[in-house]
Structures are given as C-alpha cells and as structure tokens.
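**Q** The primary structure of each chain is shown beneath.
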Amino acid sequence: MSREVEQPSLEPAPEGKYVYCIIETDEPRSFGPMGIGGRGDDIYTVRHQGLAAVVSNTPLVVYDPTRENVFAHEQVNETVMREFTVLPMAFGALFRTEDDIVELIRGTYDALRDVLAKMEGKVEFGLKVNWDRDKVTAELEEKDDEIRHLKEQITSRTTGSTYFARMQLGRLIETALTDQADAYIREIYSHLRDVAVASRANKPIGDRMIMNAAFLIERDRETEFDQKVKEIASKYEGKLSFKYSGPWPPYNFVHIRLKLERGEGTTEAVAS
Amino acid sequence: MFLIDDLLLAPVNGFKFILGQIQKMADQELNDDTVIKEQLLELTMRRELDEISDEEFQEREAELFARLRAIKLRQLDLMHEVVHTKDSSSFVIEMGGDEGEFYEPRE
Chain B
-8 MSREVEQPSL EPAPEGKYVY CIIETDEPRS FGPMGIGGRG DDIYTVRHQG
42 LAAVVSNTPL VVYDPTRENV FAHEQVNETV MREFTVLPMA FGALFRTEDD
92 IVELIRGTYD ALRDVLAKME GKVEFGLKVN WDRDKVTAEL EEKDDEIRHL
142 KEQITSRTTG STYFARMQLG RLIETALTDQ ADAYIREIYS HLRDVAVASR
192 ANKPIGDRMI MNAAFLIERD RETEFDQKVK EIASKYEGKL SFKYSGPWPP
242 YNFVHIRLKL ERGEGTTEAV AS
Chain U
1405 MFLIDDLLLA PVNGFKFILG QIQKMADQEL NDDTVIKEQL LELTMRRELD
1455 EISDEEFQER EAELFARLRA IKLRQLDLMH EVVHTKDSSS FVIEMGGDEG
1505 EFYEPRE
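In the order they appear, the protein sequences are chains B and U. Straight run, no breaks: the first sequence in the numbering used here ends on number 263. Straight run, no breaks: the second sequence in the numbering used here ends on number 1511.
Just so you know, the hints here were simulated from the structure itself, not pulled from any lab data. If you're wondering where the values come from, they're calculated on a predicted model, not measured in any experiment. Beta carbons: idealized from backbone N, C-alpha and C, even for Gly. Any given hint could turn out to be false.
Said to hold, decoys possible - Sample of chain B residues with no beta-carbon within 12 Å of chain U, all distances over it, derived:
#: 1; residue: T153
#: 2; residue: A187
#: 3; residue: K234
Claimed, not checked - On the chain B side, residues computed to face chain U include the following (Cβ under 10 Å):
#: 4; residue: T88
#: 5; residue: V127
#: 6; residue: L163
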C-alpha cells in the first residue's frame, strides 16, 4: 500500500499529516477513524480563522495513487462533503506539522475563502458514455450509401488490387464514426446544459468511450439533473451506455495543489 | 589514407548513430510517465467493466506503479519533494472546467 522512500532501515518513518481537503468551520470536527494508510487514524480538523484543513496522522511515507489509496482519500472527502463544501487537495499532500498547514492556509486565506464561496452548495457528477463501435460501424455500412456501395465493390471484385478502395473505405468509416459521435455528444450536452452550472470534457478512455465529462450541479437541482440524464439515456437505450456517478466533491472544477518554493519541481496534481 | 579510414569507419559510425537513436528512444520511454498513467486509466476501466479479475488488476497495477516509481526516483529526490513545510511550499488553487463554463461541441 505504501512504501518507505529512503533505503530500508529499522527506524520507523517519522510522523506527519496527510491533508484531504479545506473546508469552512468554526468548530473543531472529527469524521471518524478512516485515515489513509490503513491504521485507522482519526480524521480531524486543523483550523485557522474559520477555515480548516481536514487531516489525519500518518507516517511520512510516499503514497502511490493506487486504487486503494485513492479510495481512502476520496472516501474522506465524500464523508466531509455530506456536511461541508469541500475544496479537495490533490492526492498525496503530506506535511510535517500542523503548524506548517496553518501557515499555508494563512498564505492563501483570501483566495481559499473566495473559491469556497464560489463552490458553495455545488457538487460534481460524472458521465461516461460508451458505444459499441463494431455495431455502429455495421449500422453505418448498411445505412450510408457511399460506404455500402464501396464495400460491395470491394467484395465483388475478383481481380486487381483493392488496396486503395480499402483505404478509402477505412477513411469514410472513420469520418462517419466521428460525425456520429459528435452528433451524440452535442445532443447530450445541449440536453444537460440548462440544469448544470458548468461542465468539463475529459479525454475518453479506451476506444469504446465517446464522452467522459464532469458536470458541476447545484445541490438542490440534483433530482432535475438526474431526471435529464435518465431521459437522454433511455432515448439511446441499446445504442449508447451511460455510466453516471456522483455526487462527488468538485474534483474536476477545483483542487489545491502544492507548489515548492525552492527548486522548480512541483508536486503532482492527481485528478481522479 | 584518410579516405579509406572514412570509408571503413562509415558503417561503424552509422551503426553507432542508430544505436544512439535507439538508446534515446528507450530513455524517453523509460522516463515518460504519461504512457504508464494512460495504461493505469485503461486498466481501471477494464476492471470496472469486469474484463479482468481483482487479482489480475492488482498484479498489473503493482507492476505499473513500480515502473512509475522508478521514473519518479530517477527524476527527483523523493523525500525532499514529498513532505511539505511552511518554508518549502505554498498552496496553489487550480480551477478546472471547460472554457466559458460549458463545453461547446464542434458543429
């Protein structure tokens, strides 16, 4: 799950703090024994003038963003999110002491307040849309006259090279597929746009996915958004499969990353 | 003599050049973590679609992270980079989302 950074030694790694997110609270809070690292460290708040970092104790070891570790990070944020608007930290933020955290909050205090106000009452939903590429291709080959014609030509030809005809067919199909995907995407976005505050188009993963988006939604319009997704999903049942998830903290719309003052390196901002 | 030397050495130098290029490409791949990150995403996707078992997933994930770690170790003095203090670091707030708040698919 985690490994020590330095050469193996008998000494245990020194202790530090892992930060999950920033929230607004005047009261000290605890969110249960579910800290990253599997020791059951308590999740608590390190506060500074109405702002607080949600943290747990941890040995100072590097956490790989494995599914298990990312899950621990996200689970804390999702728990905190039930009661607070959260500004998620990028995965893997380790600090030496509470005092270090307070100083960093102090350093960005106004900006943190601004962004928290902006994100107030908003949550994120993810929407991934997959299609069956082969099935769509088969449909295109039937419906599209140009494609069908060319295909017939290739299969009926008994002599001579079909190389260029095949190339052309491949290009035609590729273009037709892209157009078809774009048309679907356009319609899905226009259907959802009125019930969402903002969107973020991420790169699709693998060749079955045509859309990989995140939407920022007002909490009190969640059911409306839900309804709209169901409408569009049922319209394309059998053609497109919708994978819909949330509510999540607004990972795709804001996160806090750490910048090293010395040296040029910065820590990784790992979006989920 | 010059000419003959050049001629004799030419194929050797050419071969060396090719070896050099291959080494360069290999280094690039070894140091490029984006490829591995994409493989990780795809792996997660395949797990979610139940194409591979939990066991296979974990095995492959561990492999990829080992490679990622090797890259990171090469690139930086890890401990120094990873633990932050008030003197070493500051917060940066990064906003995301599509331009103009909403994605405009192309016509």
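**Q** Does each hint fit the structure? Answer for all of them.
**A** Right, here's what the structure says about each hint:
1. T153: Holds, since 33 Å exceeds 12 Å.
2. A187: violated, 8 Å
3. K234: Non-interface label on K234 (chain B) violated, nearest chain U Cβ at 8 Å vs cutoff 12 Å.
4. T88: Hint holds; T88 (chain B) Cβ to chain U Cβ min 8 Å, cut 10 Å.
5. V127: Constraint on V127 (chain B) not satisfied, violated at 18 Å.
6. L163: violated, 19 Å
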